[in-house]
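Listed below, chain by chain, are the residues.
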Amino acid sequence: MCLGIPGRVIAITDPERLMGLVDVSGVRREVNLTCVVTGRPDEVVGCWVLVHVGFAMGIIDAEEARLTLAALAQLGEAEEEIAAMRHSARMLETAS
Amino acid sequence: MKYVDEFRDPILARHLIAHIEKLVPLAGGTEEKPVAIMEICGGHTHAIFRYGLDRLLPAGLEFLHGPGCPVCVLPMSRVDDCIEIAERQGVIFTTFGDAMRVPGTRKSLMQAKADGADIRMVYSPLDALALARKFPDRQVVFFGLGFETTMPATALTVLTAARDGVSNFFLFCNHILVPPPLRALLQDPQMRIDGFIGPGHVSMITGAKPYRFIAGEFGKPLVIAGFEPLDLLQSISMVLEQLAEGRAEIENQYARLVPEDGNPQAMAAIDTVFEPRDSFDWRGLGEIDHSGVKIRPAYAAYDAEQKFGVGYGAGKAAGREPEGCRCGDVIKGLAKPTACPKFGTECLPEQPLGALMVSSEGACAAYYQYGGARREAAE
Numbered sequence: 003m004c005l006g007i008p009g010r011v012i013a014i015t016d017p018e019r020l021m022g023l024v025d026v027s028g029v030r031r032e033v034n035l036t037c038v039v040t041g042r043p044d045e046v047v048g049c050w051v052l053v054h055v056g057f058a059m060g061i062i063d064a065e066e067a068r069l070t071l072a073a074l075a076q077l078g079e080a081e082e083e084i085a086a087m088r089h090s091a092r093m094l095e096t097a098s
Numbered sequence: 015m016k017y018v019d020e021f022r023d024p025i026l027a028r029h030l031i032a033h034i035e036k037l038v039p040l041a042g043g044t045e046e047k048p049v050a051i052m053e054i055c056g057g058h059t060h061a062i063f064r065y066g067l068d069r070l071l072p073a074g075l076e077f078l079h080g081p082g083c084p085v086c087v088l089p090m091s092r093v094d095d096c097i098e099i100a101e102r103q104g105v106i107f108t109t110f111g112d113a114m115r116v117p118g119t120r121k122s123l124m125q126a127k128a129d130g131a132d133i134r135m136v137y138s139p140l141d142a143l144a145l146a147r148k149f150p151d152r153q154v155v156f157f158g159l160g161f162e163t164t165m166p167a168t169a170l171t172v173l174t175a176a177r178d179g180v181s182n183f184f185l186f187c188n189h190i191l192v193p194p195p196l197r198a199l200l201q202d203p204q205m206r207i208d209g210f211i212g213p214g215h216v217s218m219i220t221g222a223k224p225y226r227f228i229a230g231e232f233g234k235p236l237v238i239a240g241f242e243p244l245d246l247l248q249s250i251s252m253v254l255e256q257l258a259e260g261r262a263e264i265e266n267q268y269a270r271l272v273p274e275d276g277n278p279q280a281m282a283a284i285d286t287v288f289e290p291r292d293s294f295d296w297r298g299l300g301e302i303d304h305s306g307v308k309i310r311p312a313y314a315a316y317d318a319e320q321k322f323g324v325g326y327g328a329g330k331a332a333g334r335e336p337e338g339c340r341c342g343d344v345i346k347g348l349a350k351p352t353a354c355p356k357f358g359t360e361c362l363p364e365q366p367l368g369a370l371m372v373s374s375e376g377a378c379a380a381y382y383q384y385g386g387a388r389r390e391a392a393e
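Chains A and B, in that order, give the protein sequences.
The first sequence begins at 3 in the working numbering and counts up one residue at a time.
The second sequence begins at 15 in the working numbering and counts up one residue at a time.
So that you can see chain A by itself, here it is in the shape it has in the complex:
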């Protein structure tokens, strides 16, 4: 559970809180970018990041992203992470 999954930063959604929209294998969610932003937040738009429990933990290059995704897929971890993201989003939407 200490693994990160690669995703690509699509847009900054809240520059004050350093939140951005990240695409992880087709699933989009808001991710906290505090640990990868060193200058202006929009500088990370388009970058590949390693996402762990909703936080970007490091910037990686496209090749590393591809390798990591392939390795995670073989371990069954990619599927598990994406399922957890989907489940959580649904839970928040329908929570009562």
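Bear in mind the hints are in silico, worked out from the structure with no lab data behind them.
Yeah, the Cβ is synthetic: ideal placement off N, Cα and C, and Gly gets one too.
Some hints could be false.
What the hints assert, rightly or not - Ranges of calculated distance between the beta carbons of each label pair, as one might list FRET restraints:
#1 Ala50(B) / Gly78(A): 23 to 29 Å
#2 Glu65(A) / Phe149(B): 39 to 45 Å
#3 Arg42(A) / Ala312(B): 28 to 34 Å
#4 Ala312(B) / Asp25(A): 33 to 39 Å
#5 Ala13(A) / Arg120(B): 44 to 50 Å
#6 Glu20(B) / Gly41(A): 38 to 44 Å
#7 Asp19(B) / Gly78(A): 18 to 24 Å
#8 Arg30(A) / Pro336(B): 41 to 47 Å
Got chain A sorted already, so can you dock chain B onto it with the hints?
Structure of chain B alone, referenced to chain A:
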């Protein structure tokens, strides 16, 4: 060698395996007395079994499966604390899915949920914070567990709650640190570890510095590794090279991701919100000095231990493990999962008795899933 064909680069894999075969005797490994390398991270344990590295590599090399699966080292008493909080009136208890099936003394979180407690699985602590915003009249508790990789996430969530004045969000902090149990294992006279494969994504946060004592004080090599099978093979050969040459250094095979000094923003968040505990209880390993963190007084308003008076906030509860369960010996590498009388009988992945059967990163579940059990039975 059927597994090798699945590797991204089978030719490189075969080359690395041949190199390792050559190095094992030079590092002093024999079939009777193998070189013992401990992989610390549960993700590495999973990858080693998934790719059958334990089978591909020579008998003079033995893997010890270390304490790096946070769910697996979680004592039953902590699960009991979670349930005690979750069963309070007005509480929404949130957790990563991994923790749902960990057995407590009475029941697991999953059973507590079935019994009516409001327990919800979340992907991120941010989703727990979102629930707190959505339900201002409820007390939303997030079960914070995990190593240094996960700590920045919960720390930043507490900082966000503080900044936005969300006063009904609480963190039940059970975070643990990677280096202290390694020191405890190295000091254990029963243990025989020749070298370590260091965790990848944990080290991305902390850098390589926290491991220096392993080489400096104990004279053992450690190589920080990625979790692609080729990364692991390369890291294993780097450990063996050090042993063959009589070196003990902290090396970084995963430098493309792990900066020498880690991630400064993440470390700053951890340091702002958390401080070390005097000691913390590990399943199978017992109390280990300075191995866990708690919330600093400045953020006490978000501390579930203080809010609900449980866990270390209420004084130490002695850990108790199920009878006959040998998770402790397996975590220390003193016994293989198959040596446990409960393995595969009373303890199964769908109904775990011991924590090592709960997560795919636990040695017992990995053994069970990838046929380690059948192989040993056949031998």
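A quick look at each hint next to the structure:
Separated by about 28 Å at the C-beta atoms, Ala50(B) and Gly78(A) satisfy the suggested range of 23 to 29 Å. Checked against the hint of 39 to 45 Å, the pair Glu65(A) and Phe149(B) passes, with Cβ atoms roughly 43 Å apart. Distance hint check for Arg42(A) and Ala312(B): the Cβ-Cβ separation is about 29 Å, which falls inside the suggested range of 28 to 34 Å. Look at Ala312(B) against Asp25(A): about 36 Å separates their beta carbons, and that is inside 33 to 39 Å.
Checked against the hint of 44 to 50 Å, the pair Ala13(A) and Arg120(B) passes, with Cβ atoms roughly 46 Å apart. The hinted range of 38 to 44 Å is satisfied by Glu20(B) and Gly41(A), whose Cβ atoms lie roughly 41 Å apart. Against the hinted window of 18 to 24 Å, the Cβ-Cβ separation of Asp19(B) and Gly78(A) comes to about 19 Å, which satisfies the hint. Remark: the range hint 41 to 47 Å for Arg30(A) to Pro336(B) is upheld by a beta-carbon distance near 42 Å.
Taken one by one, the earlier hints all hold for this structure without exception.
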